[in-house]
Amino acid sequence: MVNLAAMVWRRLLRKRWVLALVFGLSLVYFLTSTFKQEERAVRDRNLLQVQDHDQPILWKVQFNLGNSSRPSNQCRNSIQGKLLITDELGYVCERKDLLVNGCCDVSVPSTKQHCCDGCLSNGCCSAYEHCVSCCLQPSKQLLLERFLSRAAVAFQNLFMAVEDHFELCLAKCRTSSQSVQHENTYRDPVAKYCYGESPPELFPA
Amino acid sequence: MKLVNIWLLLLVVLLCGKKHLGDRLEKRSFEKAPCPGCSHLTLKVEFSSTVVEYADPVVPCNETRWSQKWQSSRPLRRASLSLGSGFWHATGRHSSRRLLRAIPRQVAQTLQADVLWQMGYTGANVRVAVFDTGLSEKHPHFKNVKERTNWTNERTLDDGLGHGTFVAGVIASMRECQGFAPDAELHIFRVFTNNQVSYTSWFLDAFNYAILKKIDVLNLSIGGPDFMDHPFVDKVWELTANNVIMVSAIGNDGPLYGTLNNPADQMDVIGVGGIDFEDNIARFSSRGMTTWELPGGYGRVKPDIVTYGAGVRGSGMKGGCRALSGTSVASPVVAGAVTLLVSTVQKRELVNPASMKQALIASARRLPGVNMFEQGHGKLDLLRAYQILNSYKPQASLSPSYIDLTECPYMWPYCSQPIYYGGMPTIVNVTILNGMGVTGRIVDKPEWQPYLPQNGDNIEVAFSYSSVLWPWSGYLAISISVTKKAASWEGIAQGHVMITVASPAEAESKNGAEQTSTVKLPIKVKIIPAPPRSKRILWDQYHNLRYPPGYFPRDNLRMKNDPLDWNGDHIHTNFRDMYQHLRSMGYFVEVLGSPFTCFDANQYGTLLMVDSEEEYFPEEVAKLRRDVDNGLSLIIFSDWYNTSVMRKVKFYDENTRQWWMPDTGGANIPALNELLSVWNMAFSDGLYEGDFTLASHDMYYASGCSIAKFPEDGVVITQTFKDQGLEVLKQETAVVENVPILGLYQIPAEGGGRIVLYGDSNCLDDSHRQKDCFWLLDALLQYTSYGVTPPSLSHSGHRQRPPSGAGLATPERMEGNHLHRYSKVLEARLGGPEPRALPACPHLSWAKPQPLNETAPSNLWKHQKLLSIDLDKVVLPNFRSNRPQVRPLSPGESGAWDIPGGIMPGRYNQEVGQTIPVFAFLGAMVVLAFFVVQINKAKSRPKRRKPRVKRPQLMQQVHPPKTPSV
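Sequences listed follow chains G and Z, in order.
For the first sequence, the UniProt record's numbering begins at 1 and goes up steadily by one.
For the second sequence, the UniProt record's numbering begins at 1 and goes up steadily by one.
Hint data in this document are derived by calculation from the structure and do not stem from the laboratory.
Idealized CB from N, CA, C, for every residue including glycine.
Heads up, none of these hints are tricks.
Think about it this way: if two alpha-carbon atoms lie no more than 30 Å apart in a straight line, the pair counts; the simulated DSS-like pairs of lysine-lysine are: (1) Z/LYS445 x G/LYS96; (2) Z/LYS560 x Z/LYS824; (3) G/LYS82 x Z/LYS213; (4) G/LYS96 x Z/LYS213; (5) Z/LYS648 x Z/LYS560; (6) Z/LYS824 x G/LYS82; (7) Z/LYS214 x G/LYS96; (8) G/LYS112 x Z/LYS214; (9) Z/LYS730 x Z/LYS560.
Which stretches of chain G does chain Z cover? Using the computed rule of at least three CB atoms under 8 Å from a CB of chain Z, they are: (10) 14 to 26; (11) 76 to 83; (12) 160 to 171.
If you want the ones that stay clear, here's a sample from chain Z, every Cβ over 10 Å from chain G, calculated: (13) GLY296; (14) SER391; (15) ALA622.
I would like the entire structure built from these sequences, with the hints used as guidance.
Encoded structure:
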C-alpha cells in the first residue's frame, strides 16, 4: 500500500497538469462561492432599502355596505377584551353586556356604535376596542383603501389574508412593528392602537 | 510560470476582496468578530445570549479587548433555547456515569402518545404554529404544512440552522423520529434568521398574523430575560386572550435560580422545563422564582410542568433524525402533546389556554425530591391529561393548589424556615387559572377560615389579588403572619382560604347568568417562638436593582458572556447558597422589601446589604444611623463603581438598536458612601482582582473595590491585588499592594452596633462564583451578632492602619446616568434627579377570620386539584396497562439513532457547510506552495536542461504510464 501511494504520488500527483487541475477546480469553487456570497450580501443589504412602490398588494377586502349581507344574526366580535368588546357592527359594550350570539346588547345605554372615544386625530386610540369601533365607521373606508394600497412589504402577509372590513379593522388596530421604538418600548404608550396610516406619535422619552 | 504568477496575484486580490467583503458585513450587522484570531469565539456561541468580546491576552487583537458588543440582536434577550454543543451530555446530576445510558429515545412513544394514536387521534384539524428558524419546503417528515411565512429580513423560508425543523419535527413529524401530532396543520413562522437574529417588531407582526389565522397552539422555543419588553409581553397576552394556547421554553440558564425566561414566565403561558430520561431535572433547565414581583412581593411558581428535554430525537434539517437538548426541545414536546390533546376533545369550545393548562398541571406527575421552583407541578402525563381534559367542566383552579409550608423539599424555600411572631410576613404568590372565560373577577373577597382544632387562629392572613383576571389568569398573593398570642407558641397551624371566581356567561349557559367557581386553598404552617435578636438577619431587597429594564452590569467583569445582573439578587434566587448556609448555621433570614424606615430594628441583629444599586431616601439614612446607635449591626458587601470602566463596558444593543450605558457599577458606591459618611467610612473607585488567602481560606476577589476611608479605631485587612481598572482601560497589568478590603468597626457609644465593610460581593453570589466566602460571612456575623472579633481576622498579618481617605478618590455618580428611570427613590427634576417623597410603608389589612371547627387531612397534596373530574369516566383502551414504558429499538431503526452526516448533537449543519470553502482554500494553498517550490527548483537548475526535463513530462501527460493494479 505504501508503495502504491508513493507510486501514485510520484507518477500522478507530481504531474503539473494534475496539480493545475486540482488548483483550477479549487479556484473555480472558491470564486463561485465568493461571488454567490457577495450576491446574497448585496441583496440582503438592499432588502431594507427597497420598497416596492410600483406593486400595490392585491388585497381582497370586501367592504360590505350595510349589514344586510350578514348570513345570520350571529356576530363576530373582538374576543380578547379585558373589560370591553366590539362586535362586527361596530358596537362597543362592556363584556357583561355581550349577548349569547356574540353581538353587543344595543338596548344597554353604555353600548355605542362607531365610538371614537380616546382616539386622536392621527387615528390612534388608547383602547383597542374603540379603535376597532371607530375604524368600522363607513367613512373610514377610503382611508383604509389608501392604506392597503400603500401597505409596507412587512404587512403583506397580514393584509392579504384579511377578508372584510371587520377583519381589516381587527388586524389594523393591533400593535405592530409600527408601534415600537428601540424594539422594546411603545412609541406612544397610551394611544398605541391605530386604524390610521401613520404610526403613533413618538412619545418624548 | 507567468501564468502561475498571475494566478497567485489573482488569488491574493480575491482574498483581499473577500476580506473586505467580510468587513463590510461585519460593520453592517455586528455578526462577526472584528479580527480573524477571535473568530472562534463567535463559532462557539451558538444560541448563547450575548458575546461580550473580551479576548484573552494571548489572542492578538488588542484593540477589541473590553470592547463590548451584542453578538446579534435577539439572542441576548430572547434566544432560541436549544443548547449548543457540549451541553447535550450534561443532563443528569451524575452525568459522567449516566452518559452512556442516556440513549436518545422516541419521545412520543415514551409519553404514550401511541395510545391516543390507536384511538384515532393524530392532531387532525388543529392549527399549530411554530415560531422559529423556518422549515424547508419538501421535508420528508411532514405531510400537512399548511403555510410557511417569513418575518425576517432574509429572503428565505427555509431553515438554515436546523432548530426550526427539529421543533416542528417533535410536534408533527410522521416518520423516522415521530412527533406527537402528524396530522396537525403546521403553520411555520420564520422569525429567526440563520444568524439567530430576531427583533420584537418581527414577532409583533408575526403574532398578529397568527391571531388572524386562528392558531390553536403556538410553540415558542425561545426566551429572554426582558419581561419589561411591554410591547412583546402585551402581545403574548393578546394572543392568549384570542384563544391561542402558548407553550414556551423556560430557559437554559440553570442550575442557577432566578433565571426564568420570558414569555414562559407569564401566567397565561405554559412554561416548560426540561428533564432527562431518568427523571432528573436537567442541569440546564432554568429555575424559578419569577422576579417580576420583587422587591415588595414574592415570585410565582414556574416552570408549570417539566418534560423530556435532554437527548430527545427530532427531525434533521434535510431528513433523518438527530438528538438535541435544551428546554427548546422540551417546549415542543408539550406543544405536540397539547396539539394531540386538543384533537381528542369533542367539545372544542371547552379548550382554551386556561383549561389546557389546568389539565396539564392537574395531571402532572410529581418528581420526588425536587422543589416546585425546579419542577413546577411535575412531569407531563399525556394520558392522564387526556382523561382530565375529556371530563372537564369550566372552572377556576389555583397553582399551587395548596400551601403547606412544612412540606420539604417540594415547598422549598418555605419549608426551610418556620414562621414566628414579629417576622416579616411570608408571602405566597398563587396563580389563579380561570377556565370559564378570558376575563373574570374575584367575587367579594377571599375568605380566611382557620381550623380551630388545628390552631388556625394562631396565624393571620392578608390578601392582594388581581382586580380583573385577564387573560384567563390572575394572581392571589397571600401574606401569612403569626398572631401576638402565639408569640411563644410552637406547633402547626391550619386553615383554608375560599375564593369565588366569576366570569361572564358563555354562549352555552342560560342567558345572563354569570358562571362562578369556588376554590378551596388549604394552608398549613409551622410556628416557632421568635428567635433571639442575634440570630435574626434582615436581607435588604429594596435597594437591589437588576435588569430589566435598566443596564445593571454584572458584578464580575470577567464574565463577558453574561453582562447583565438579572437574577433578582434575592436570597431565594442567586443568593440561594448563602441563604442555605445561613440557615444551616442557625440564623433566621428575613427579606426587607420596603425602605429602611419600615422595619423595627430592635428585632434584628444584623442588616445585610449585598451589592446594592439603589439610592437612599434622606429619611432612611437618618433612621439607619439611629438604629446602628441603638445596637443594629450592618454588614455591607459592596462592589465596583468606576465611571471610566462604566463607560468602557457600554455596548451597542442590537435588540433595541441603541447604545447601552450602565446606570451603576456593580454596586452604587456613591449612594453607599453617602449612607456611610456619618461613620467616616467610604469605598473607593478602585477596581481590583486576584486570588488571595485569608485566615487559611482560599479567596478570590472578582472585580471589587477597596475601602477608601475607615475610622482610626477600626480593624482593616489589606491584600495585594491586580489593578483590574487599569487592565480594562489600558490593557496594562499592575500589582497594587495593601489594598484595604475588609473593615470592622464597633460604634463606641454604649449599646451601639457594629459595622462591617467588604469590597466584593461575588463570593456570596451564585452566578459566576468561583470561591465562596460563607466562612467569612460566618465570622463577620459572629462579630456583628455577638461582638466576638474573629482572631483569624484581628491577628491577621494583613491587618493595617485604617485608611484616612487622603489620596484615594471616592467615586462620583456618573454624569448623565439614567438611574432615576428605574429607581424607586429618585425622580427626574429640572436640576437633575432628586429623591422622591418617602413612600408609605406597606400596610397589610388582615382578613377577618371565619373560624371553622374542622380538621384538615394530613396530606394536603392529595386533595382534589380540579373539581368534578371523574377519571374513571374516560376509559383508555386496555392495552395501556401492560405495555412497556419504552419501546425497544426495532432492527430497522438502528441506524436512525445516529445523527446524519456525523454531526455532533447540538451542532448545526451550517458549520460544516462553512468549512468546505476553507478546505478548498487550504487545498489551493498547498498546491500553490508546491508550485512555488517547483519554480524555485527550476530556477536553481541550469537553463539548458529545462526543456529536456519538461518534455518527457509533457509526453507522459499524453501517455500516462500504467500503474500496476492491486
